[in-house]
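Protein chains: 2
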Amino acid sequence: MAASASPPRHDEMTVRLCVDCMGGDHGPSVTLPACQAFLQKHPQAELVLVGTAQALEPARHWERCTLVTASEVVTMDDPVEVALRKKRDSSMRVAIAQVKSEDGQPPAADACVSAGNTGALMAVARYLLKTVEGIDRPAIAAVLPRQGGGYTTVLDLGANVDCTPEHLLQFALMGSALVSAVEGTEEPSVGLLNIGEEVIKGSDTIKRASELLRAAGAAHQINFYGNVEGNDIFKGTTDIVVCDGFVGNVMLKTSEGLASMMGNFLKEEFTRNPLSKLAALMAVPVLKRFKARVDHRRYNGAALLGLRGLVFKSHGSADALAFENALARAYDAASNRLLDRVHERISLSLSGQGAASDS
Amino acid sequence: MAASASPPRHDEMTVRLCVDCMGGDHGPSVTLPACQAFLQKHPQAELVLVGTAQALEPARHWERCTLVTASEVVTMDDPVEVALRKKRDSSMRVAIAQVKSEDGQPPAADACVSAGNTGALMAVARYLLKTVEGIDRPAIAAVLPRQGGGYTTVLDLGANVDCTPEHLLQFALMGSALVSAVEGTEEPSVGLLNIGEEVIKGSDTIKRASELLRAAGAAHQINFYGNVEGNDIFKGTTDIVVCDGFVGNVMLKTSEGLASMMGNFLKEEFTRNPLSKLAALMAVPVLKRFKARVDHRRYNGAALLGLRGLVFKSHGSADALAFENALARAYDAASNRLLDRVHERISLSLSGQGAASDS
Numbered sequence: 001m002a003a004s005a006s007p008p009r010h011d012e013m014t015v016r017l018c019v020d021c022m023g024g025d026h027g028p029s030v031t032l033p034a035c036q037a038f039l040q041k042h043p044q045a046e047l048v049l050v051g052t053a054q055a056l057e058p059a060r061h062w063e064r065c066t067l068v069t070a071s072e073v074v075t076m077d078d079p080v081e082v083a084l085r086k087k088r089d090s091s092m093r094v095a096i097a098q099v100k101s102e103d104g105q106p107p108a109a110d111a112c113v114s115a116g117n118t119g120a121l122m123a124v125a126r127y128l129l130k131t132v133e134g135i136d137r138p139a140i141a142a143v144l145p146r147q148g149g150g151y152t153t154v155l156d157l158g159a160n161v162d163c164t165p166e167h168l169l170q171f172a173l174m175g176s177a178l179v180s181a182v183e184g185t186e187e188p189s190v191g192l193l194n195i196g197e198e199v200i201k202g203s204d205t206i207k208r209a210s211e212l213l214r215a216a217g218a219a220h221q222i223n224f225y226g227n228v229e230g231n232d233i234f235k236g237t238t239d240i241v242v243c244d245g246f247v248g249n250v251m252l253k254t255s256e257g258l259a260s261m262m263g264n265f266l267k268e269e270f271t272r273n274p275l276s277k278l279a280a281l282m283a284v285p286v287l288k289r290f291k292a293r294v295d296h297r298r299y300n301g302a303a304l305l306g307l308r309g310l311v312f313k314s315h316g317s318a319d320a321l322a323f324e325n326a327l328a329r330a331y332d333a334a335s336n337r338l339l340d341r342v343h344e345r346i347s348l349s350l351s352g353q354g355a356a357s358d359s
Numbered sequence: 001m002a003a004s005a006s007p008p009r010h011d012e013m014t015v016r017l018c019v020d021c022m023g024g025d026h027g028p029s030v031t032l033p034a035c036q037a038f039l040q041k042h043p044q045a046e047l048v049l050v051g052t053a054q055a056l057e058p059a060r061h062w063e064r065c066t067l068v069t070a071s072e073v074v075t076m077d078d079p080v081e082v083a084l085r086k087k088r089d090s091s092m093r094v095a096i097a098q099v100k101s102e103d104g105q106p107p108a109a110d111a112c113v114s115a116g117n118t119g120a121l122m123a124v125a126r127y128l129l130k131t132v133e134g135i136d137r138p139a140i141a142a143v144l145p146r147q148g149g150g151y152t153t154v155l156d157l158g159a160n161v162d163c164t165p166e167h168l169l170q171f172a173l174m175g176s177a178l179v180s181a182v183e184g185t186e187e188p189s190v191g192l193l194n195i196g197e198e199v200i201k202g203s204d205t206i207k208r209a210s211e212l213l214r215a216a217g218a219a220h221q222i223n224f225y226g227n228v229e230g231n232d233i234f235k236g237t238t239d240i241v242v243c244d245g246f247v248g249n250v251m252l253k254t255s256e257g258l259a260s261m262m263g264n265f266l267k268e269e270f271t272r273n274p275l276s277k278l279a280a281l282m283a284v285p286v287l288k289r290f291k292a293r294v295d296h297r298r299y300n301g302a303a304l305l306g307l308r309g310l311v312f313k314s315h316g317s318a319d320a321l322a323f324e325n326a327l328a329r330a331y332d333a334a335s336n337r338l339l340d341r342v343h344e345r346i347s348l349s350l351s352g353q354g355a356a357s358d359s
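Taken in order, these protein sequences are the chains called A and B.
According to the numbering used here, the first sequence is numbered sequentially starting from 1.
According to the numbering used here, the second sequence is numbered sequentially starting from 1.
The shape of chain A in the complex, shown without the other chains:
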């Protein structure tokens, strides 16, 4: 199984993604059409498709695709333990193994994408790939839309509940590497999520993190803006917003819930009576454009940062369009050397700390 099955790379320009075709609520019925659409739009991409032999059958003769079979599937409800210790030939695990570099050899694939359950994915990825030197904990980073166009990258979104100031600094460094790779912004600005005018401005952890980030900014390791508040994420005050995984996860889920409620309210009002239905008919192109702008499928594809290999996580409920976007994000990250950029940022920071403590 696994890595040995992949053929040698065609050339330097090719980006090869490995896809866990079984993950997510819909499995191959979503992932395979997404892969097909992705390949059409990315002529320099190659895919390694991982799944059961039966599931991969439709892709048997696809161009630029290598099939790797796995006998097991991690379900969305499987506990981390099961994914980690029981299902050792799962499509998720086999897919992650493709981005592992062994004995100094380049890995079989440049990045791995899965819509499988987050807990399992993070645990297996961490176990197989290990963290980058200087990173204590991997983080989950994703993008949210913002007022003036473009995206705000937020991390961590749920991998780490209790974070030290040092962890938050590491998130800032990794987030900067991600945004410079994927969005092409060389010195993306970083905000530390805090609370504003209210009684007590931030916990001790946040206060100390703020000092650390300020020092890293002064040392040109990151472009630190300062503290930001919840509404700054959608205002786009900074390119990156850093927070602990508990806060980040609540923020993300709350946003999903609110956007969904507002969408439903709009729908309800436009279908309330014959007159409003007529108005809806008139407004079809407007509502379509609005929907496209707030469509969470456009923002699909979270990066698991801090591992010695690129892993991207798609929303479990993703449809083909959403999954294709996750593939595109992984492709952009891999072709812009995200892994090297994370290494470089972390090394720079570590050597800076060394220099600082030497002096």
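Just to be clear, a hint being listed does not mean it is correct.
Because identical chains share one entry, a pair is satisfied inside a single copy or across any pair of copies.
[What the hints assert, rightly or not] Result set (DSS-like, lysine-lysine): computed pairs, CA atoms no more than 30 Å apart in a straight line:
#1 86 / 267
#2 291 / 267
#3 277 / 235
#4 267 / 235
#5 291 / 277
#6 235 / 207
#7 86 / 207
#8 207 / 277
#9 288 / 41
#10 100 / 207
#11 87 / 235
#12 235 / 100
Worth flagging that the hints you see were computed from the coordinates, not collected in a lab.
Predicted, not measured: the structure shown is a model, and the values here were computed from it.
Add chain B to chain A, keeping to what the hints say.
Chain B only, in chain A's frame:
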């Protein structure tokens, strides 16, 4: 100044609110019209208006109003220290003093409403009124709209950054008292805000809080539903959602930011070209109804819970409609004996704990 200036109460049914007319971004230009509108709709209400003599001039002959002058104003930027130690004759402080019960006498007013800065308001209220026995820290509670209609009450929204499990239990008890008073739900359901499927499900604090809340539920002190996630707030899974003030504040600000961005997107799309403007014209009634449903002014009026007196906080940027809603919420809370209900819930819980530790 202050309490002595207020006349004796007319009768038991009258609810008297005290209003800091100088607070907020707009001061009396917003608060006075709001008071007028409120009085028209609440024939059993009386108001104690607090402000500078000049600011209160227009209200000199209003019915059911008592004017109390204060020589100073706490600005929106004043640090807590200034509000607490320097401006001792501020409208905010004089207004809060009206709800303080001295020597067993009933207070001059049943509840106080201010749009002044949150930090100052909480600090002064805490200093003047003290906390209810059994409550370590006051909390800020507000409502958010939800899918099926009605509201979800969330606390704390920023008064307490680091919370112990015991604090979260106290928030659950106070939130239950608030919702039973204001919404009329006798046994409102309580959810503990947590993160879901992700790697680590909640911190140790949340896990222990979950146990405490479950025990309080078993003892019929609250109606505990279990853990909820960010999206449950807008789904309306529970009547009340409890969280620490850092998470609550980020959640609130994020929601405000997202709602504002979505509103702007909608506006931009409906004004993009002549055709979309025509569609907007057709859709005016629909868009009005939609706007009304997500209008944050409807949800204005946060309760400062756990103090020996009722204090309500209006958004600083509130217009007259929003401020009137804050007055209406304070009125509902006062007329439904919120203060007594908080006392009762807390005493029941304390005696339950006593009984439990006795046995």
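Status of the hints after comparison with the structure:
Taking the closest pair of Cα atoms, residue 86 and residue 267 never come within 30 Å of each other, the shortest separation being 45 Å inside a single copy and 53 Å across copies. In this assembly of identical chains, residue 291 and residue 267 lie within 30 Å of each other by CA distance both inside one copy and across copies; the values are 11 Å within and 13 Å between. With identical chains, the CA atoms of residue 277 and residue 235 are at most 30 Å apart between copies only, with a shortest distance of 25 Å across copies and 32 Å within one. In this homomeric assembly, residue 267 and residue 235 come within 30 Å of each other (Cα to Cα) both inside a single copy, at 25 Å, and across copies, at 16 Å.
When the C-alpha separation of residue 291 and residue 277 is checked against a cutoff of 30 Å, the pair qualifies both within a copy, at 17 Å, and between copies, at 17 Å. Proximity of residue 235 to residue 207 under the C-alpha cut-off of 30 Å is restricted to the intra-copy arrangement: shortest distance 23 Å within a copy versus 34 Å between copies. In this homomeric assembly, residue 86 and residue 207 come within 30 Å of each other (Cα to Cα) only across copies, at 27 Å, whereas the closest approach inside a single copy is 42 Å. In this homomeric assembly, residue 207 and residue 277 never come within 30 Å of each other (Cα to Cα): the closest approach is 52 Å inside a single copy and 48 Å across copies.
Within a single copy, residue 288 and residue 41 get their C-alpha atoms as close as 23 Å, which meets the 30 Å cut-off; across copies the closest is 42 Å, which misses it. When the C-alpha separation of residue 100 and residue 207 is checked against a cutoff of 30 Å, the pair qualifies neither within a copy, at 37 Å, nor between copies, at 35 Å. Taking identical chains as interchangeable, the C-alpha atoms of residue 87 and residue 235 are never at most 30 Å apart, the minima being 43 Å within one chain and 35 Å between chains. For the identical chains of this complex, residue 235 and residue 100 are neighbours neither inside a copy (38 Å) nor across copies (41 Å), given an alpha-carbon limit of 30 Å.
The structure shown violates the earlier hints numbered 1, 8, 10, 11, 12.
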